[in-house]
Amino acid sequence: MPEQPVTDEQRKAFEEKLKKMSPAELKEFQKQQCIFCQIINGKVPSKKIYEDDKCVALMDINPAAIGHVLLLPKEHYSIMPQIPDSEIGRLFVVAKHLSQSLLRKLKSEGTNIFVANGLVAGQKAQHFMLHIIPRKEGDEILNVPEHLVELDTRIKLAEVIGNRLNGLLNNKVKKEEKPVVKKVVTDVKPILEKKLPEIAIPVIKEEKKDKITPATKKNKTKKKFLVEDTEEEIETKKEDVGLDDIANLFR
Amino acid sequence: MNCDYCEISRKKVKSEIVYEDDLIIGVVKDMATFPGQISLFPKEHYTIIELVPNPVVDRIFQIANKISIALFESLGVQGTNIIVQNGTAAGQKVPHFSVDVVPRKDGDNLNFQWKTKQLMDDEMDTAYLMLKEEGDRLFIDKEPKKEEIKIQDAKTEMILEKEGKDNYLLKQLNRRP
Chain A
-16 MPEQPVTDEQ RKAFEEKLKK MSPAELKEFQ KQQCIFCQII NGKVPSKKIY EDDKCVALMD
44 INPAAIGHVL LLPKEHYSIM PQIPDSEIGR LFVVAKHLSQ SLLRKLKSEG TNIFVANGLV
104 AGQKAQHFML HIIPRKEGDE ILNVPEHLVE LDTRIKLAEV IGNRLNGLLN NKVKKEEKPV
164 VKKVVTDVKP ILEKKLPEIA IPVIKEEKKD KITPATKKNK TKKKFLVEDT EEEIETKKED
224 VGLDDIANLF R
Chain B
28 MNCDYCEISR KKVKSEIVYE DDLIIGVVKD MATFPGQISL FPKEHYTIIE LVPNPVVDRI
88 FQIANKISIA LFESLGVQGT NIIVQNGTAA GQKVPHFSVD VVPRKDGDNL NFQWKTKQLM
148 DDEMDTAYLM LKEEGDRLFI DKEPKKEEIK IQDAKTEMIL EKEGKDNYLL KQLNRRP
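Sequences listed follow chains A and B, in order.
Each residue of the first sequence is one higher than the one before, counting from -16 in the numbering used here.
Each residue of the second sequence is one higher than the one before, counting from 28 in the numbering used here.
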């Protein structure tokens, strides 16, 4: 009992400490508290089935079915957005092979690869992980009813999400995209001929604004029909190149 | 053969496209666990993930992550689920591999949990041993190629460094004092 007042004080001091911590310190603190980091270090015993320099796969101790496997990055990330692109791809390639071994060795009828990002999505540990779950007909795992989403809502959702996604992808590509934009303009030279210097520059600017703020896109599409054919050609070409460029980056 | 997702990627059916490149396409799902659920799939027809080439797997999940971030930021949701259903027993409805990104909100009443299955120790152990055997083989398959490349690079770098130091760097250092 005499310990209780001490723990209260400690808790207050601890809370203040937490508030003062920088994001980097917080991450370090979270790492020290994380049981999965200790499992990865080998301080806590586990049944590891695969390990490389970036990730570890182990048997889940609270499995949904026999052969439920967890795949964790060795680095401590709490959610998926924190993980660098290169590591994400690698993790899921490993997940693919693990899924294959579940199918082959345990003769399961199917597999789920499942990720929960955030508490509301059902994430329990603060260490990001993939679940690879062997499935059998009628086992009632991850059985969530689906409902029809009306077309109007779908169109709105596609616009909102698509715009944000374009923003995300273009921000990252911007530096390498610049030379490509110039190339396109030179390709279009013969079509535009004399007017090139006047028209070409504003077109680039408008296109950039278009990508950053979704609100301008509506106005832009209305404009499109009024503008001459030549400008439309530039726009469509440029968008194509942009998308290919993003694609190349991920190759 | 009629595959709904192939029809979508060939643009034979109207769909609400969120992302598209030369290999993959992402659409807003019409039958969804939550409005705003995105299905992301390769344009090429593969039934399950095991058949999808690694570079496509690599890219599709990088884009899935970007879509997940876009859902966080555009819909203001507090979480996302990323789900692959591999085989009809796993809930796969279209025979075309896809990754589903589901936006999640507090109180959305979606139950993506599962009951813990009580296992006997020996059941767990046999599964563990079988999977470990496969896992070890996985490790062997992957490593050798990388090492070969690394060794070659290291050698050439070493030579360049040595020659460089003898010719320029060391002499310059010696001159200064």
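Everything labelled a hint here was simulated from the structure, so no lab data went into it.
Incorrect hints may have been included.
Not everything, but these chain A residues come out facing chain B in the computed CB check (under 8 angstroms) [unchecked claim]: (1) 4; (2) 5; (3) 6; (4) 9; (5) 11; (6) 47; (7) 61; (8) 63; (9) 83.
Where is the CB? At the ideal position from N, CA and C, for every residue including glycine.
*Going back to the hint list, which numbers does this structure go against?*
1, 2, 3, 4, 5 and 7
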